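Undergrad: Read top to bottom, the protein sequences are chains A and B. Mapping of the first sequence onto the numbering used here: residues 18 to 469, in sequence order. Mapping of the second sequence onto the numbering used here: residues 1294 to 1643, in sequence order.
Don't read these hints as lab results, they were simulated from the structure. Don't take every hint at face value.
Restraint-style ranges between C-beta atoms, simulated for each label pair [unchecked claim]: (1) A:L350 / B:D1448: 54 to 60 Å; (2) B:P1582 / A:W185: 47 to 53 Å; (3) B:V1302 / A:I89: 51 to 57 Å; (4) B:P1593 / A:L442: 36 to 42 Å; (5) A:I89 / B:I1604: 49 to 55 Å; (6) A:F146 / B:I1512: 28 to 34 Å; (7) A:I89 / B:L1609: 39 to 45 Å; (8) A:L424 / B:L1609: 50 to 56 Å; (9) A:D329 / B:I1604: 54 to 60 Å; (10) B:A1491 / A:P448: 46 to 52 Å; (11) B:P1593 / A:I435: 45 to 51 Å; (12) B:I1604 / A:F146: 49 to 55 Å; (13) A:L22 / B:N1443: 42 to 48 Å; (14) B:L1609 / A:L21: 54 to 60 Å.
Partial selection, computed: residues in chain A whose CB lies under 7 Å from chain B [said to hold, decoys possible]: (15) A80; (16) P98; (17) T101; (18) I124; (19) P280; (20) V283; (21) G285; (22) Y309; (23) N311; (24) T313; (25) G314; (26) A416; (27) L424; (28) Y430; (29) L433; (30) A434.
Which bits of chain B does chain A cover? Going by a derived footprint, with three or more residues having C-beta under 8 Å, they are [to be verified]: (31) 1349-1363; (32) 1488-1502; (33) 1590-1603.
What you are looking at is a predicted structure, and each value in this text was computed from that prediction instead of being measured. All C-beta atoms, glycine included, are put in the ideal place defined by N, C-alpha and C.
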Amino acid sequence: MENLLAARAQMGTSLAFHIVFSLFGVGLPLFLCIAEGLALKTKDPIWLLLARRWTKASAILFAIGAVSGTIISFELGLLWPTYTKFAGQVIGLPFMLEGFAFLLEAIFLGLYLYGWNRLSPRVHWLCSFPVWISGLLSAWFIVSANSWMNTPVGFVIRNGQIVDINPWHAILNPSAPYEILHQSLACYVVTALVIGAVYAVEILRGKRGDYYRKGLLLAMGVGVIATPLQLFSGDLNARFLSEAQPVKFAAMEGDFHTEKGPPLRVGGLADPTTGQVYYALEIPYGESLLVYGNITGEIRGLDAFPKQDWPDAIPYVHLAFDAMVGCGTFALLVAVLFWFLFWRQKRRLPEQRWLLVGMILAGPATIIATICGWLVTEMGRQPWVISGFLRTRDAVTPAPWVSVSFLVFVIVYLMLAITLVRLLLGVMRQPLPQIQSMEEVYQIEAKESAGV
Amino acid sequence: MTVALLALVLIWIGFIAYVVLGGADFGAGVWDLLASGPTARRQHEFINRVLGPVWEANHVWLIFLLVGLLNIFPVAFSAFMSALFVPLSIALVGIVLRGAGFIFRAYALQTEEFSARLWSRVFSTSSLLTPFFLGAAAAAVAGGHIPLSNITPADLLFGWITPFSLAVGVMAVLQCAAVAAVYLAAEARTNQEEEFAASYRIKALITSGLVSALGIVCIALSVTEAPWLWRGILTQSFVFVGITMLMGLLVLITLVTKRYRLAGFFVILETAFMLISWGVSQYPYIIPPTLTIEQAANNPQLVTTLLIVMIIGMLLVLPALLFLYSVFKWGPPVELPGTTGGGEQKRGSN
């Protein structure tokens, strides 16, 4: 495999793998915090049991998130030394802030996961706050570094030298608010709908009871708030992109030609050699309506830009974008239907088979949506690694065996993924203990945390 | 003192923290690999319990080290990563498998026996390999084997392999094992497991002795293999090298007299002075003999900003870290019901 392609493949695989864990790393602590807080407030041991079961899954997800994040920080240098030389001079600040946020998260996570019987209930609960707050801050910092690659500011190139560096300006680059909001919400959408999917499986298998009811209500409650906000933030993002990154936007929408009042092309094969989108469902004026709110807006197509600046994977960028929107919309539909049925059935959990199947599908769909979203933003930025300043092919390492290391990492990731899924299923299948009081839940902690 | 040098001092403190905390976790993995006989299973459980709450926080110091270099010395970071692609990639795989292996085995202990045994081996083997390759990579820096440009494939494959780097790699493994053995002995005593404490005391004595011997070999090798380092030792850091040796001696004395907490204190100082000696010997180079700290540093204004962020960050993190250790390491031992009984019925011999 060619070096550049191997390096891109390794980086892409690593990011896709890591992102799934960071979603839960940011999302789950909020659920732990809410559930344990409710337990302390209502003295209802079911909430505490929920927090305890989620803690078990968290420990393993966080550990894999931490190691896969380490891979990324090494790979930035190992695979893209020229990129780090450039980016390190300007956008190092968020990496450093992220490092501290991560350190705080790891410290309080250790206290939370292993401190069930060493800390008082209140202090233990308080430890969940720094975890979810620094998790959210980590996401913020690291996404701001990524958004800087899309809209690099905060420096000037003079005589081939990077000068007038302003790291705060760089960190607050134009794309940052849009990308950060979108990714942060993604964490909560995914965590909520995946927890929802897990309990939908249990209910479909005939499990009933207060435990599943409370778990589902909390998950779908967060889901029904976060998902519409996410679609809204996605809309803001797309409009911003049409101005700030028109090439990426044109590739996303499959616009090869500059048009007035272009249709919305849903799906289809965008063929860069012919400049046509085949088999797409076209909604007349749809794209113009979405971007400008009228049917006469002009959208710059790819033909307005030199071909050497086109992304090399236009058909995938377009499809990934549509897949992301489709999966997100599906998740919203499921969350809304859940609550609609819940209220219509006088606050009884909906047990319709079709809805439960929908919920089971919506969980993985949100993960797919997140990965597709990152494919759009990363592949859509090509051929640049730092938009307009450094091309990806100029940033890659000269080391000749990247395809070997790609292969090694793929094997490692496969091993990790298989084991992880098996162990998480094992955690899920452990029978619920019969508990009557809060004290009993703490007793379980004591017995179980010894082994973990 | 320039801001760049000040920032490097902070990064170096983070490096020391990584070695005395994260390094000890690797060392515990080495002892896990060597655990055998009828108490092997109990030793695995003991190590699970000791590492569980702290290993992730300990690991993050490595991230701090990486982002510190990336931010303050981007040119040097880029050169390290290009030239050390092979050893660092191997170490990276080791870091990943160590963490994953540790958590997977802790979980699998409750469910599946085969998986537990497999990941146990993955955890302990990668705990052995990682410090070796990180140590060898560090020695390649000290030995002046980091070309700034025109790296040939032969350089990439073999450039970092010298007698000096191999010796330092082995020494890194032994030092991690020694630090871990001292901590484990202290921890075993706190938990009133005198049998373990005695066994780790012997292990600590042996490995500390070996480290001292190998340290002298490494210094001797540096005369020809890492001449800049050797010159630095003679002119700049001989005092620190002396203190390192003194601390090594104090570790041995406190171990012989069974004062494990004190031994832990001295072994931390020994490791710290070892790394300080290296840093001072190499001054003013970040990549000997071609790139100085000042040449590699980002522009001073930016470094000042980063330095302030680093100091504020440290001030936030340190109290939290002390709280973590006070709860799990310095607090009274908590009697955990089922600590030795909970998993035992489900598992066979290991």
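Undergrad: Please verify that hint: A:A434, Cβ, nearest Cβ of chain B, below 7 Å or not.
TA: 10 Å, violated
Undergrad: May I ask you to test the hint 49 to 55 Å on the CB atoms belonging to B:I1604 and A:F146?
TA: 24 Å, violated
Undergrad: Could you see if the CB distance from B:L1609 to A:L21 stays within 54 to 60 Å?
TA: 40 Å, violated
Undergrad: Can you let me know if the beta-carbon spacing of A:L22 and B:N1443 is within 42 to 48 Å?
TA: Violated, at about 24 Å.
Undergrad: Verify the coverage statement for the stretch 1488-1502 of chain B against chain A, using a C-beta to C-beta distance below 8 Å and requiring 3 or more qualifying residues.
TA: Answer violated; 0 residues pass the 8 Å Cβ test.
Undergrad: A closest beta-carbon separation below 7 Å is what the hint needs, so does A:A416 meet it against chain B?
TA: 4 Å, holds
Undergrad: Can you take a look at whether the stretch 1349-1363 of chain B is actually covered by chain A? Rule is 3+ residues, C-beta closer than 8 Å.
TA: holds (count 12)
Undergrad: Against chain B, run the beta carbon of A:L424 and see if the smallest gap drops under 7 Å.
TA: Where the cut-off is 7 Å and the nearest Cβ of chain B is about 12 Å from A:L424, the hint is violated.
Undergrad: Closer than 7 Å between Cβ atoms is the bar; does A:V283 clear it against chain B? Give me holds or violated.
TA: 40 Å, violated
Undergrad: Once the shortest beta carbon distance from A:T101 to chain B is found, is it less than 7 Å?
TA: A:T101 check passes; min Cβ-Cβ to chain B is 5 Å, inside 7 Å.
Undergrad: Let's test the interface hint: is any C-beta of chain B closer than 7 Å to that of A:N311?
TA: 45 Å, violated
Undergrad: I want to verify a distance hint. Is the separation of the beta carbons of A:D329 and B:I1604 within 54 to 60 Å?
TA: For B:I1604 against A:D329, whose Cβ atoms are near 44 Å apart, the range 54 to 60 Å is violated.
The structure fails hints 2, 3, 4, 5, 6, 7, 8, 9, 10, 12, 13, 14, 19, 20, 21, 22, 23, 24, 25, 27, 28, 30, 32 (numbered hints given earlier, in ascending order).
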